[in-house]
Every structure is written in structure tokens, then in C-alpha cells.
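Novice: Chains A and L, in that order, are what the protein sequence lines are.
Per the numbering used here, numbering of the first sequence is gapless, rising by one per residue and ending at 266.
Per the numbering used here, numbering of the second sequence is gapless, rising by one per residue and ending at 237.
Bear in mind the hints are in silico, worked out from the structure with no lab data behind them.
Remember, predicted model here, so these are calculated numbers, not experimental data.
Be careful, since some hints might not be right.
Here are the simulated EDC-like cross-link-like pairs (lysine to aspartate or glutamate), alpha carbons at most 20 Å apart as the crow flies [what the hints assert, rightly or not]:
hint : chain 1 : residue 1 : chain 2 : residue 2
1    : L       : Lys-103   : L       : Asp-74
2    : L       : Lys-103   : A       : Glu-16
3    : A       : Lys-100   : A       : Asp-8
4    : A       : Lys-100   : L       : Glu-153
5    : L       : Lys-132   : A       : Glu-11
6    : L       : Lys-132   : A       : Asp-8
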Amino acid sequence: MTSNDIRDAFESFREELDEHNDRRERLIKASRDITNISKRTIFLLHRLVQESNTSDPSEYLSACKHAASKGREKLRQVQQIYASLKEELIDEERYWRYQKQVSPGLQEYIEALSFAWFLENGTLIPSAEVQKTLMGEDGAPYFPLTTSDYLLGVSDLTGELMRYAISGFGRLGGRSRASEVCSFVRNCRADFERFTPYMWELNKKQDVTSQSLMKMEDAAYAVAVRASEYDMSPDQLDQLVNDFLATASTSDDIDRDRDRDRYRYS
Amino acid sequence: MTWMISTDCLITRHRYEKYSSSFLARAFSPDESAVNPQKIREQITELDIKTRRMNGKLNRIHSTQRDAIPALVDSIRPILSSCPSTIAALAVIIPAHQYWRWKDMWCNSLRTTVFVASLCHYLTEGTLISLKQTSDILGMQDEWKDRVALSAEDYLHGIITLVNELSRLAVNSVTLGNYEEPLKISSFVKDIFAGFSMLNLKNDTLRRRFDSLKYDLKKIEEVVYDVSLRKLTPPSK
Numbered sequence: 001m002t003s004n005d006i007r008d009a010f011e012s013f014r015e016e017l018d019e020h021n022d023r024r025e026r027l028i029k030a031s032r033d034i035t036n037i038s039k040r041t042i043f044l045l046h047r048l049v050q051e052s053n054t055s056d057p058s059e060y061l062s063a064c065k066h067a068a069s070k071g072r073e074k075l076r077q078v079q080q081i082y083a084s085l086k087e088e089l090i091d092e093e094r095y096w097r098y099q100k101q102v103s104p105g106l107q108e109y110i111e112a113l114s115f116a117w118f119l120e121n122g123t124l125i126p127s128a129e130v131q132k133t134l135m136g137e138d139g140a141p142y143f144p145l146t147t148s149d150y151l152l153g154v155s156d157l158t159g160e161l162m163r164y165a166i167s168g169f170g171r172l173g174g175r176s177r178a179s180e181v182c183s184f185v186r187n188c189r190a191d192f193e194r195f196t197p198y199m200w201e202l203n204k205k206q207d208v209t210s211q212s213l214m215k216m217e218d219a220a221y222a223v224a225v226r227a228s229e230y231d232m233s234p235d236q237l238d239q240l241v242n243d244f245l246a247t248a249s250t251s252d253d254i255d256r257d258r259d260r261d262r263y264r265y266s
Numbered sequence: 001m002t003w004m005i006s007t008d009c010l011i012t013r014h015r016y017e018k019y020s021s022s023f024l025a026r027a028f029s030p031d032e033s034a035v036n037p038q039k040i041r042e043q044i045t046e047l048d049i050k051t052r053r054m055n056g057k058l059n060r061i062h063s064t065q066r067d068a069i070p071a072l073v074d075s076i077r078p079i080l081s082s083c084p085s086t087i088a089a090l091a092v093i094i095p096a097h098q099y100w101r102w103k104d105m106w107c108n109s110l111r112t113t114v115f116v117a118s119l120c121h122y123l124t125e126g127t128l129i130s131l132k133q134t135s136d137i138l139g140m141q142d143e144w145k146d147r148v149a150l151s152a153e154d155y156l157h158g159i160i161t162l163v164n165e166l167s168r169l170a171v172n173s174v175t176l177g178n179y180e181e182p183l184k185i186s187s188f189v190k191d192i193f194a195g196f197s198m199l200n201l202k203n204d205t206l207r208r209r210f211d212s213l214k215y216d217l218k219k220i221e222e223v224v225y226d227v228s229l230r231k232l233t234p235p236s237k
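Let's have the full structure, built from the sequences with the hints guiding it.
Specialist: Below is the structure:
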């Protein structure tokens, strides 16, 4: 190539690299937005569930359903962003090229979506359901959901479930729910394990899941040990704690109440 | 879309269904299980053996007189022309459209091959090899460009290695009594540097390696300076 040829060649390289970098930047920005919205959705879900201060199981369930629908509503913003990215990602070759930029936001989205799904159904969201939220009205996916993004996304769910279980601990029926969540997470951990040889990142997430699981197990242990000191059914214990909390929040003299309660139940 | 992987797993609240083994099979077949990274690695090792042999031979340019260079390059050509078969074998393994998914595995080997091809081209023609010429030498086919191809980025990496090597050659050719070579290298490298300066590089390895080019340029300039100061260069024609 002569000097001029070199100029021309590098000019075309510049165009190519610029186009790639611009698209990359756009996707990173979008991914960041998606992460933010998803994080907020998760907080919203936690908040709504905790606010529903009800002791009635069916009321609680409808509160969960309400939270889930609110969460899904918020996640529609994410779906709109993905719809606008459709052109950037639609062809498969591009998808693989920019997967590193897309994955973080996508996993966060799956985490939020799976949490809403869990609150509503008490199950793990199937990947087909995730894909369903990421397609246009014509049924064409914005981009294909890969197994790894799906698994890494739902793997993050376990951390949220831990938070959900622990924060509900002090409430009526919270402990039995926590033990359900605990066994759900335990099963998740056990079943995701077999995929770790295929996905290095899943290994790290499994460690986090194990930690969450341990926190829940420790909490359950503490409850079991203390409950054994009383000769009461779990429901009665729940009631006891609940009554105490109710009086404690209305009475100024908490110490006196506590002394009285201790006297009454011992 | 055949490459979509469906994973249907349902966990019920009360009765937890274990994933059946077919879940695993569904999740990783047919597309993902079809790619065996081990097989890709085998081909890359094959390519590496070739590039390393060529690289070793090319090292002798620093101790070879100018008139013996063509023979040295000729001894490399057979190995270089055997590279396309390895690359073609690689293309067979990679699933359609998944070039970007796997390319990181072989980009280093490919960049070295680009370097070898560009150095051979410079030594015989005295010019810069084009991207098209390089991919032709490597036997890249249009019909599998979605699986294996030579990207501009990999080409540019190879060219930077070429400049790194030429700054060494400028020094060593003077040691061998070839005072003309540094001047040729200098103008050649300046053209390349001007080209790289046109690119808007982001903060990645290409950018860092581009930053290293100025030291090569400086080194070559110093050699040219030393040689011309002592009037060792032949009078310009």
C-alpha cells in the first residue's frame, strides 16, 4: 500500500471502530439505566410487602400479588428500553459481540422480574416467561435470552429472598414463610450447582447464595432454640411476639410491659 | 431461531420438582453442547505451533544480510501457506454467527500470524500489507465470515507488532552495515503512525499499544539521526 492507500485504509478503520464504539457506549448506557430501574423495582417490592402489615394469610397473599403487579408495571420501563435497543441487537452476530455490555443490566432485570414472579407464584420463573416479556407484540424476541443470562439472573434472586425472609421474620406467619423461602433457596443452590462447570460466573454467585442460605439457617436456628424454651405452638409464639410488638409500640413504658409479659407467660 | 435455548423449569411452592436430567440436556443442546472449547483449543495450538516456528525463523532477520533476506522469507512461506488449513478447520467447529463469542480464544494467535505475514510482505515488497491481502493469505473465506474472520482490530494489533519489530531491525541493520534500512523503515513507520493517529481509540489494549508506538518511532529516529550525522547514508538519489 502506498501512503495514500494507508490513509484510505485507516479512514475506513476509523469509521468501523467509531461505529462499534458508539454502539457499545449506547448499550452500556442503556444497561446502566436498566440496572437502575431494576434495582428500584426490587426495593419497591420489598417496601410494598413490608408495608402490608396484615396477619391474615390471604390478605398477605393479595398484598404480594399487588406488589408484584406494581413491580411488573415498573419493569415495563425496562422492556421499553429493550424494545428501543432491538435494532442494535437484533442480529445474532451483534448479540454475541455486545453480550458483555448487555448482560449486567439483563441479569438485574431478570432478578427483579423473578422476585416479582416469586411473590406472586412462589415459584421460579421459567426462562420462557422471561423471554415472553422481551418480545414485541408480533411475538418476535428483541434478542434471544441465553441460558447463562437466565441462570445468572435468577441466581441473584436468592439474595433478595434472603432479605425478604429475614425482614419478615418478626411478623405473624413470617417464620413459616421464611422456612419455605429457605428451602426454596436451598433447592436453588443445589440445582444450580450442576451448571457451574459451564459458567464460571455462576460459581461466584453460588457462593453468595450459600451465604444467604446460611444467614437464613442461622436465623431459623435461633428461633428454634428459643422457641424450645417455651411450651407453645409456633402460632402461639407468633401471637405472643405480635401482641408484645403491638403493645410496645403504643406504650411509653416498654420495660413495664416486658416485665408484665414475662410474668404472665413464665 | 434455532440457537435459542429454552429452559423450562418450574418450581412449585409446596412440591418442589427436581429438574429432570432432560432439563440439562435441553439447556445445553443442541447448540451449546455442539461447541467443544477443547476442540477449538486444539486448532489454536496447531496454529500457535506454526506461528511460533515462523516467528523463530523471522528472528534471524536481525542477523541476516540484506541479500540473504529473500531466501529467509522463502523458507517461511511454506509454513505461512499451511495456516489457512488450520483456520479453515477452526471455522468448521464454530457455530454459525458465533464469531464474536469465541474470537477471544484465538485472537492472539491470529494477531501473531498477521504480524508474520506483514513482516514478510515488508521484507519483500517494502510496503504495508492491506487487510484484504492479509485475510487472503490466511485463507479467510467470505462464506464463513460469521464464524472466523480477520477483524480490523486484530489486523491493527498485528501491524503494531510489526512496528515494534522494525524498530529493532533499524538498530540491527546498522550493526550489520546496512545504513539504508533505517531510512526506509523510518518513512514506512511514519506512514503507519499517521494512519493510527487518525483513529479514535478508546482506552483499551489497542490504545495502549498505540501509545507504545511513539517509543519505537523515537528509537528509529535516533538511529536515522546517528547514521545521517556520521554521513553513513548513501547520497540521496
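Novice: Determine for every hint whether it applies to the structure shown.
Specialist: Now the hints, each set against the structure:
1. Taking the CA atoms of Lys-103 of chain L and Asp-74 of chain L, the gap is about 30 Å. The hint is violated against a cut of 20 Å.
2. For the given pair, Lys-103 of chain L sits about 18 Å from Glu-16 of chain A by alpha-carbon distance, which is consistent with the 20 Å threshold.
3. Among the hinted pairs, Lys-100 of chain A with Asp-8 of chain A is inconsistent with the structure: their alpha-carbon atoms are about 31 Å apart, more than 20 Å.
4. Annotation: proposed proximity of Lys-100 of chain A to Glu-153 of chain L holds, straight-line Cα distance about 18 Å (limit 20 Å).
5. A C-alpha spacing of about 15 Å is found between Lys-132 of chain L and Glu-11 of chain A, which places the hinted pair at or below 20 Å, so the restraint holds.
6. Straight-line distance between C-alpha atoms of Lys-132 of chain L and Asp-8 of chain A comes to about 13 Å, which keeps the hinted pair within the 20 Å bound.
In this structure, the hints that do not hold are numbers 1, 3, in rising order.
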